[in-house]
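Assemble chain L onto chain X, guided by the hints.
Protein chains: 2
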Amino acid sequence: MSTNHPASTAPRLPDDELNLIDAYWRAANYLSVGQIYLLDNPLLHEPLTPEHIKPRLLGHWGTTPGLNLIYAHLNRIIRNRDANVIYITGPGHGGPGLVANAYLEGTYSEVYSAIGENVDGLRKLFRQFSFPGGIPSHVASETPGSIHEGGELGYALVHAYGAAFDNPDLVVACVIGDGEAETGPLAASWHSNKFLNPVTDGAVLPILHLNGYKIANPTVLARIPHDELEALLAGYGYRPITVAGDDPANVHQQLAVAFDEAFDQIAAIQQAARVDGETQRPRWPMIVLRTPKGWTGPRQVDGKPVEGTWRSHQVPLAETRNNKEHLAQLEEWLRSYRPDELFDDTGALRPQLRAIAPEGTRRMSANPHANGGLLLRDLDLPDFRDYAVAVDKPAAETSEATRVLGTFLRDVIDRNRDRFRLMGPDETASNRLSAVLESTDKTWLAEIDPVDEDLAPSGRVMEVLSEHLCQGWLEGYLLTGRHGLFNCYEAFVHIVDSMLNQHAKWLFSSSEMTWRRPIASLNYLLTSHVWRQDHNGASHQDPGFIDHVANKRPEVVRVYLPPDANTLLSVADHCLRSRHYVNVIVAGKQPALTYLTMDEAIAHCTRGLGIWEWASNATGVPDVVLACAGDIPTLETLAAADILRRELPDLAVRVVNVVDIMRLQPDSEHPHGLSDREFDAVFTPDKPVIFAYHGYPWLIHRLTYRRTNHAQMHVRGFKERGTTTTPFDMVMLNDLDRFHLVMDVIDRVDGLGTKAATLRQRMADARLNARRYTREHGEDDPNISGWTWDSGFRASEATSMAQDTGDNE
Amino acid sequence: MSTNHPASTAPRLPDDELNLIDAYWRAANYLSVGQIYLLDNPLLHEPLTPEHIKPRLLGHWGTTPGLNLIYAHLNRIIRNRDANVIYITGPGHGGPGLVANAYLEGTYSEVYSAIGENVDGLRKLFRQFSFPGGIPSHVASETPGSIHEGGELGYALVHAYGAAFDNPDLVVACVIGDGEAETGPLAASWHSNKFLNPVTDGAVLPILHLNGYKIANPTVLARIPHDELEALLAGYGYRPITVAGDDPANVHQQLAVAFDEAFDQIAAIQQAARVDGETQRPRWPMIVLRTPKGWTGPRQVDGKPVEGTWRSHQVPLAETRNNKEHLAQLEEWLRSYRPDELFDDTGALRPQLRAIAPEGTRRMSANPHANGGLLLRDLDLPDFRDYAVAVDKPAAETSEATRVLGTFLRDVIDRNRDRFRLMGPDETASNRLSAVLESTDKTWLAEIDPVDEDLAPSGRVMEVLSEHLCQGWLEGYLLTGRHGLFNCYEAFVHIVDSMLNQHAKWLFSSSEMTWRRPIASLNYLLTSHVWRQDHNGASHQDPGFIDHVANKRPEVVRVYLPPDANTLLSVADHCLRSRHYVNVIVAGKQPALTYLTMDEAIAHCTRGLGIWEWASNATGVPDVVLACAGDIPTLETLAAADILRRELPDLAVRVVNVVDIMRLQPDSEHPHGLSDREFDAVFTPDKPVIFAYHGYPWLIHRLTYRRTNHAQMHVRGFKERGTTTTPFDMVMLNDLDRFHLVMDVIDRVDGLGTKAATLRQRMADARLNARRYTREHGEDDPNISGWTWDSGFRASEATSMAQDTGDNE
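These protein sequences, in sequence, are chains X and L. The first sequence: position 124 = 124 (the working numbering), numbered continuously. The second sequence: position 61 = 61 (the working numbering), numbered continuously.
Bound conformation, chain X alone:
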């Protein structure tokens, strides 16, 4: 463990440079305080009065001086080394600081021309902050240089790593607040250094900012002995460099040395790996910065300590409009930064300060990596049709959909080695995507044993047993202009529900910023899904992520349920080409029937839903619609249709398959929504619809409640009934099985007569028999699991078996 304490070294900064950096820091702090407080009088050209103060004081001061300090020192490094650096703000509440720096660099006025570099611009800059019609109080898509929402804590470091992958020239400076450091995702993110390849990836420079407090409490990492903290960080695989103090001049000196050392170490590590062929995992540098919370703000307010305590978290002086003492303290605080030295009379930053900021795209607020769409290059995609499985007739042969997709992804990876990654929480093989390992390895910088397979620093498949890391790495990778896919067990993707929320919010709000360019979509492949986790049991059975996603802005969310291998290929190709969406694909990995040729699959997926004529016997208006979405519901629906066609040949059945469930919504609610006329043409205005759906059944009601025929829609789906059992028992537990669907039809269609009543009883018997078979044999009746469109329903056997035993359970 090598630790540097640069405090003990000689001063690094000549007085001139120190004074300039300090002035720059003061300027950023001044602009930050101004944003929180001031409606007007931005440069204090007149004495401060209550009318200059905002009526509602909203913002977070506590973390801001630290963010500004780091920013100023990174500018020095960028200028001195022509370094390519982006700045990730863990303590995203410190929005004023990042806005201030973007303004000081000129980027803000370039992006938002109404906010000029003059007194009027300053007034507008201040007024808009946390003001109705203005900008958010946190770092957000509105903030030039930011790649993520700063409201929900925990994802800074994992985003930083995602940004660094395949950007060998980039250094991602990542400020981690000591509050954020208590979160689970952040705690796990430190280990991302076992997945960073020093040859082809950039560097991440974590800066753990210990200001000691979160909202109202001290933080854990600030309150353990320093040697314990250093052990922890060394244990995470870093070499911490510590900077600590509350005297600005002293801290400036320390921090300048620390950044120099850190960048020297990064350069040395990259040189060793790239030129000298070093293959040992490096111990990357990081910085621990201990400075007071709310530094340079009011020391005491109303007799209580504020600077250096939790009381500086938000607005240290809360009564500035009504309390003269607070107002005076605010003026004193603002003037302590000596604004006249920083800005000239017109409100422009003085030239000697502007000169110490980087220029052009080297400015962290203007670095194109922080506006990933600018750098986005299309994927070079092979023709997905080349991976099609042959389908001579529908529902006759089987394939494993995700295994087929794996061959396509293998070649996607092969053709896009600089811009595509596949993430998975140790489930890529389980999800049957192993073909990808024919063209690449799994990223691994930790130790490798001789028995291991397919591990290498250069691997394009990233596996770690943390959905948070998979999601976060991918988000960081996409936000900086690349592509990828996250494959995950369906039930456990709920682990990242909240991350999805924040990313979806970012996608929507950034789509409203004309200066931000669209990025690649966040693609989920959810497999090992609810209906085929019979072997793992209840803990692995949850299809609710679709519901969660459906609550997000319709402009940015898409959900696809391809029923077989060829439709999965078509959907996956579409998703990989799309921009700025969250695409959720749910598909099975087990051997399953194929239904559509590639041409049919493309046509079907393009429409998003459609009538399957080959499975229907209704030529005109049907007596009943059997609708289905999802591979298992499709199988059960077709088997039900098969029974109905054989046993009740006079019943006109229409089979409808839905791939894109957003088509079910009205076109007023979702861009993919069908018009009412289109919807009625498919689902009829008045016939019973038995809808077999992959997930919780009420989602279909939520999507269709405005439709003409909604009252006639009867939805079967997962009703939270699961356990360790067989696949067919799973569908039976939830009344989604073919036999129950036939019973549903008989119950809903009027006037079917005694033949139907007899069939209904046979279906009930068949369910009992199936359950008995399963419990006796430990596997499903092959008459059921082996069903194909041609094999038919052996109703006679089921009936006789029920009669044999007399079981009427």
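Calculated directly from the structure, the hints in this document are not laboratory data. What you are looking at is a predicted structure, and each value in this text was computed from that prediction instead of being measured. Among the hints, erroneous ones may be present.
Copies of the same chain look alike in the list, so a pair counts if it works inside one copy or between any two.
What the hints assert, rightly or not - Calculated cross-link-like contacts (lysine to aspartate or glutamate; reagent style EDC-like; alpha-carbon spacing at most 16 Å):
{"id": "1", "residue 1": "719", "residue 2": "555"}
{"id": "2", "residue 1": "687", "residue 2": "747"}
{"id": "3", "residue 1": "552", "residue 2": "669"}
{"id": "4", "residue 1": "687", "residue 2": "599"}
{"id": "5", "residue 1": "304", "residue 2": "449"}
{"id": "6", "residue 1": "324", "residue 2": "302"}
{"id": "7", "residue 1": "124", "residue 2": "110"}
{"id": "8", "residue 1": "304", "residue 2": "452"}
{"id": "9", "residue 1": "687", "residue 2": "325"}
{"id": "10", "residue 1": "304", "residue 2": "441"}
{"id": "11", "residue 1": "687", "residue 2": "790"}
{"id": "12", "residue 1": "719", "residue 2": "452"}
{"id": "13", "residue 1": "393", "residue 2": "599"}
{"id": "14", "residue 1": "719", "residue 2": "669"}
{"id": "15", "residue 1": "124", "residue 2": "776"}
{"id": "16", "residue 1": "304", "residue 2": "453"}
Frame of chain X, contents of chain L only:
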């Protein structure tokens, strides 16, 4: 950093004892393999044939021998020291191991009498595992001695700490798999030792089991240098004791020494804190155990290494029914444990082995702490009516609902210092529950500075910036028979969506185990909710947790939206008294109008929903129903009713308030559901219902789509439109404001005439004016924000203002 390597010490176990422990371990391993493979011939009294093998081989062998080894050695410690120990299984996939040990201890046959301690019992034990109608493949509620589902990884250590709080006599042994250790929640959980009071809490003994692999990949912690790992664990605040090897006899010796040392250290720490008054945070011991994955299983299968690799994760020999070599290998593997030495001819465990297991409730499988309901004692609750706010007339005075609740919780804490905790992610003060600090402190074992307030090891309020830790600690605390409440910002509770899933599954499945007793409910107080996060912006605005919870089994979920302070008190009291539910309470923290006296509140909450006659002018059948659920929707609905009554006095308006939204569901779907007759009586069978709802509007449709009047229900709620703005602007953005509700009424009620048309235009103008006021002043128009039932709508002012400016935006 003090590290012990007991390998270097002298042998601890005499040969006899070592042989007995090894035999016990072999017995557990034998039973584990038997469960995975065997339908019959459980003791190999005849040669193994394919008919003895299950048709589907489901289970996880890889982690199991390690779990069994640790169990056997803990038994030794328990016996030697009469220790009170429970066993938490992080690698919950190792279900066979925990079932095997419960069976060896006799607990299994006590709980499940059909599974006796004889050959027939063994046959049933084996057959039921992962078999339809049998038991899950993972540790689950069916497993005696378990306190949680083992399917989703990450929560073992946080549950262990939750179990240890306020159980001074208990040692919670917690096995952490090296796969699980990669998850975020687990990574954060290590720091729980800063929240464990050695005086009044028990001890947690983490056992990090490094078998090197997860499903298909090596693990990070197994593949960093040992000194780096030790630094990490020391950084987390532990003293690791390492045991490593692949020779059983040697590992037995090491592990015996390690456990002795760990328990000695625990005793010394507790003695120092409890007797000698030591107040420094102790460095608790932990064990690092490095043994091969799938240890004692097949070394090679089909020429490939299996023992010690990822290939042993599930079923090492997959073709035992069809492949003679696999079958022979399986028989050799099973016989390697020498079952004849372990069980007598009747199938009973030999007495010398039974004798080395603990007895009675000292058996980890029978420890009552692992069946928390057995130990549950009612809370001593003060009378919540004593905390009521005075309400002389409705909608006239304000209070802060959560601040009022805080006074009640203060006294709940005071009266239940051994059995109630309040959890919050650094938000308890922000959520205005600070009154609790009048009776207690915040738990804190890390360093305390002079400036800090309300921190102490004995605190009953637990604050850490990790929703995962808050949730996990509380789950562990509840599962072991205590009570608590988790207060959280509404938007960020999504962070624990997946944990909620698993806990809800546990609650439901455990309710079906007659031998498990009900535990206290998991209570959420969600505040700082979507409508009052206007200042924090979009990232803090998400009401979707209710939707997530509503997907869980109706038997175990309850959602309450009390509209004011007194209803919040009534609901909170009810939830704290309830058992075995997930209760979600959503309530505001800002000053808000009060509506009901305490008596009225109790009556209203008991009904769950009801007509507010005082706000309605309809005496019989209304022309329109204004329904509302949630504090802000209630405010806007009442203000809309006020406008309608003044401006359209002939319109018969009924106001309905909903506290318990599960009442909206049919009684066939949820135990709280209203009958259709009751529902129709409140909401009418055919009149327009304008429903103002706290969250995503479609949830109300999902709950009511089967109701007679569903087609007439028009729901307003959060449509994912948010930003940093003012409270009233937030409701306007989502069309939930009073003015829009009036417009909705006018749009939906037929035949209202020209006066209504004029009013509609005035409402549209009022919206424009409100928005303009907000953007000019940075706060809401006090005419709007100051509305009370008596103040009325100053429509004239709004209209004239619109006319003045001519703005028709």
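Comparing the hints with the structure gives:
{"no.": "1", "hint": "719 - 555", "verdict": "between (29 Å within a copy, 12 Å between copies)"}
{"no.": "2", "hint": "687 - 747", "verdict": "within (13 Å within a copy, 30 Å between copies)"}
{"no.": "3", "hint": "552 - 669", "verdict": "within (12 Å within a copy, 26 Å between copies)"}
{"no.": "4", "hint": "687 - 599", "verdict": "neither (30 Å within a copy, 50 Å between copies)"}
{"no.": "5", "hint": "304 - 449", "verdict": "between (59 Å within a copy, 15 Å between copies)"}
{"no.": "6", "hint": "324 - 302", "verdict": "within (12 Å within a copy, 84 Å between copies)"}
{"no.": "7", "hint": "124 - 110", "verdict": "within (15 Å within a copy, 75 Å between copies)"}
{"no.": "8", "hint": "304 - 452", "verdict": "between (60 Å within a copy, 12 Å between copies)"}
{"no.": "9", "hint": "687 - 325", "verdict": "neither (74 Å within a copy, 58 Å between copies)"}
{"no.": "10", "hint": "304 - 441", "verdict": "neither (58 Å within a copy, 20 Å between copies)"}
{"no.": "11", "hint": "687 - 790", "verdict": "neither (28 Å within a copy, 52 Å between copies)"}
{"no.": "12", "hint": "719 - 452", "verdict": "neither (41 Å within a copy, 50 Å between copies)"}
{"no.": "13", "hint": "393 - 599", "verdict": "within (13 Å within a copy, 70 Å between copies)"}
{"no.": "14", "hint": "719 - 669", "verdict": "between (26 Å within a copy, 11 Å between copies)"}
{"no.": "15", "hint": "124 - 776", "verdict": "between (76 Å within a copy, 13 Å between copies)"}
{"no.": "16", "hint": "304 - 453", "verdict": "between (61 Å within a copy, 12 Å between copies)"}
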